[in-house]
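For this one, chain A is given, so just place chain B on it according to the hints.
Protein chains: 2
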Amino acid sequence: MLADCCFCVTDFKDSLNTVYSAIEEADFLAIDGEFSGISDGPNVSALTNGLDTPEERYMKLKKHSMDFLLFQFGLCTFTYDQAESNYVIKTFNFYIFPKPFNRTSPDTKFICQSSSIDFLASQGFDFNKVFRHGIPYLNQEEEVQLREQYEERRSQSNGSGNPSYISPNSNKGPGSIPEEHREYIGRVDNVGLISYRFPKGLHVETLETEKKERYIQISKVDDEERKRRERQKQEREQGELNDAVGFSRVIHAISKSGKLVVGHNMLLDVMHTIHQFYCVLPEVQTRTIYMNTMVYFLFHLYLNRIFILTFPFKSPKVVTAEGFPSYDTAQEQLHEAGYDAYITGLCFISMANYLGTFLTPPRAHIPSQSKLIQPFVNNSLMCYYILYNTISYSTVVLVVQCVTIYCTTPYPTAQ
Amino acid sequence: MLADCCFCVTDFKDSLNTVYSAIEEADFLAIDGEFSGISDGPNVSALTNGLDTPEERYMKLKKHSMDFLLFQFGLCTFTYDQAESNYVIKTFNFYIFPKPFNRTSPDTKFICQSSSIDFLASQGFDFNKVFRHGIPYLNQEEEVQLREQYEERRSQSNGSGNPSYISPNSNKGPGSIPEEHREYIGRVDNVGLISYRFPKGLHVETLETEKKERYIQISKVDDEERKRRERQKQEREQGELNDAVGFSRVIHAISKSGKLVVGHNMLLDVMHTIHQFYCVLPEVQTRTIYMNTMVYFLFHLYLNRIFILTFPFKSPKVVTAEGFPSYDTAQEQLHEAGYDAYITGLCFISMANYLGTFLTPPRAHIPSQSKLIQPFVNNSLMCYYILYNTISYSTVVLVVQCVTIYCTTPYPTAQ
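Quick note, the sequences are listed as chains A and B, same order. Going by full-length UniProt numbering, the letters in the first sequence line up with residues 1 to 415, in that order. Going by full-length UniProt numbering, the letters in the second sequence line up with residues 1 to 415, in that order.
Calculated from the structure, these hints are not laboratory results. Treat the hints with caution; some may be incorrect.
Identical chains share a label here; the pair holds if one copy fits it or two copies do between them.
What the hints assert, rightly or not - Straight-line C-alpha distance at most 25 angstroms; calculated SDA-like pairs for lysine to any residue:
1) K211 with F119
2) K60 with D40
3) K129 with C8
4) K233 with A244
5) K62 with I111
6) K212 with T48
7) K60 with T104
8) K62 with D40
9) K317 with L355
10) K371 with R228
11) K212 with R231
12) K62 with R182
13) K212 with Q149
14) K212 with F101
15) K259 with T79
16) K227 with R153
17) K63 with T104
18) K211 with V19
19) K212 with N43
20) K60 with C8
21) K60 with E213
22) K63 with D107
If you're wondering where the values come from, they're calculated on a predicted model, not measured in any experiment.
Bound conformation, chain A alone (with noise of 0.2 angstroms):
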């Protein structure tokens, strides 16, 4: 049973398999992001101007919106019960931040919007969870770094490889040892001659104490206990390495399934997710981001259980899956990104059955992999406009559309 559907970086690494089989057995995934900000530049009525063609957004997101974090990712799996007639929910909630790995991972920068954090902020919003206890991450380009950085080491380590005693850059050779310090250099033992001395027989390792305090240890082993240091260690590596790579596992999952994705206003959650997890996002949207990295099409869907009951719309049956906890409709977390994402997910189902009806015979349960959804994948830019007015008559045009991305390519990870 978990205790709620919000994980950190304590518990992360234990909640992963339970990720990753629910993206396995899914139909479809909802995701949803909460940010540090929207706009840095122009008003957030301006950067999603309806009238804008998909081109003129992504240029002006990109150009504005990058900047901000996406420091909670929301994450509801849907699986159809065909002898239930239900759909079976599990949500999760992520909080992620860019802690620095080590001394020489990168130390990200990124923007906070007063108005968007005072909005969270409003909502509950637990910005400690996000600052204290985020799930790391890095990119493609940083895990593949980093994974140089161990292999290199890995290589110099026990004169395994050919360590190189000369700085990078440097065009001079090895420093002549002068004619006083000679017999007393001949004496040392410095580490690179024990380990030729002992080539077997020696284990060298540094590690660094709680105070990040660095120091070689040296231990005489025989071949075998050299041997299974050896792994114990590369498994360490590997562990840290994974830990560094953190929450991008769960995107690289999502990537690799290649199931259905929905979301609202999601070009800005795809964006933010290709930047954050992925790499630097292309100059201009081309063919390159729609097939090879991740397709995505535009649907009219509004986020709110009202607009559901009111329109044709019918309101799905879900279950929340054994041990998860459950959301209630009835009390809107609205903002929280898990809630989100699993709405979203509702609308999508109510939506996808509407177009069941119109077969003849009608049909209840129309599957995320229909031919029926095809038509809307990567081909429909619709739009839905509300006209209301307030009291004081001034007229606000609230622009509700929804974006559903489609991974068919998987795109690349490092290996």
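Only chain B this time, still in chain A's reference frame:
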């Protein structure tokens, strides 16, 4: 009795008189700030290179540090008690956040640096207090703008001014009424006509519901009641204005007091304080900023009680003012701004008293207004370096220095 020395927006207004009188009675003040980051470009050691001139450091900090947020401000006031021969201290910790005041107020963006946030998180810093309950503030220009907004609205209401029904920047006059609507328009009692018909007997006011929906309330009142309501409204508006100016009022009080203000590594604190609560920093650090706003000097000082104990300085006698929570130097709370300010004040007293040991006969107490202190004001640039080796023998240079500022000419406040 104050529960603790931390102030949020909820208890700020009630604490203001306590803060004002603490500043008023003090012999000198110590301040310290905590920031959302230090550098958006070069690493911190390059930014605060001990070999830079004050001008170079100023330019670097202005370029790379001002987009971060000063979100905790510590103030410690020191008052000498002649009878008891000790200092009486009062410590305040203010959480600060630029919560947008209304729909036209600026939507501040600020940068966070993940290493700084991570460091504060590891010290138990409470980010929820900042983002949920931080005290707002306005700089001088924003305060003037808001004051003008209020005055313009006041002069337009109740027909006392010259209300303009023409959009600003419009060259057109009022539109002409089409023939077929003349009769209807003639019958309509719009707000302008009402206050014209009842110039003394009506009170017109724009109010807001809890949902921020605005509506106009028109009440029939006699002349006396109308004036009473007018006064009430003005008082309420003045209160709102003061709430919006918020924490800047503490900075105004410090500046007006003309008291000696001490800090450590203080150029950054002074620059953030001016930038955030006063005005945009001048392009180049000219005499203007020295003479007209604040005068600062650099002083060698290390923020650590161990330093005080091992150097010739004696630990000073201080007691916490009655009703104020006390800090204990045995339980270090470094990097809570109020504690850091307190420790800095202790260091200053020790060093000031140390100067007294050179007098004949020696004097145990040197007041902060003493002529012995004067040579260090705006005159001295002294850096103290400690070179120490870590256990792994990598050499680390720790630059320890302290900047003390002294307000000579208080900067003008908006009226």
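These are the hints, each one checked on the structure:
no., hint, result
1, K211 with F119, "between (38 angstroms within a copy, 14 angstroms between copies)"
2, K60 with D40, "both (11 angstroms within a copy, 23 angstroms between copies)"
3, K129 with C8, "both (7 angstroms within a copy, 20 angstroms between copies)"
4, K233 with A244, "within (16 angstroms within a copy, 57 angstroms between copies)"
5, K62 with I111, "both (14 angstroms within a copy, 18 angstroms between copies)"
6, K212 with T48, "between (46 angstroms within a copy, 23 angstroms between copies)"
7, K60 with T104, "between (32 angstroms within a copy, 23 angstroms between copies)"
8, K62 with D40, "both (11 angstroms within a copy, 20 angstroms between copies)"
9, K317 with L355, "within (16 angstroms within a copy, 80 angstroms between copies)"
10, K371 with R228, "neither (54 angstroms within a copy, 71 angstroms between copies)"
11, K212 with R231, "within (23 angstroms within a copy, 63 angstroms between copies)"
12, K62 with R182, "neither (61 angstroms within a copy, 51 angstroms between copies)"
13, K212 with Q149, "within (18 angstroms within a copy, 55 angstroms between copies)"
14, K212 with F101, "within (12 angstroms within a copy, 44 angstroms between copies)"
15, K259 with T79, "within (11 angstroms within a copy, 68 angstroms between copies)"
16, K227 with R153, "within (17 angstroms within a copy, 81 angstroms between copies)"
17, K63 with T104, "between (28 angstroms within a copy, 24 angstroms between copies)"
18, K211 with V19, "neither (34 angstroms within a copy, 39 angstroms between copies)"
19, K212 with N43, "between (44 angstroms within a copy, 20 angstroms between copies)"
20, K60 with C8, "neither (32 angstroms within a copy, 36 angstroms between copies)"
21, K60 with E213, "neither (46 angstroms within a copy, 31 angstroms between copies)"
22, K63 with D107, "both (21 angstroms within a copy, 18 angstroms between copies)"
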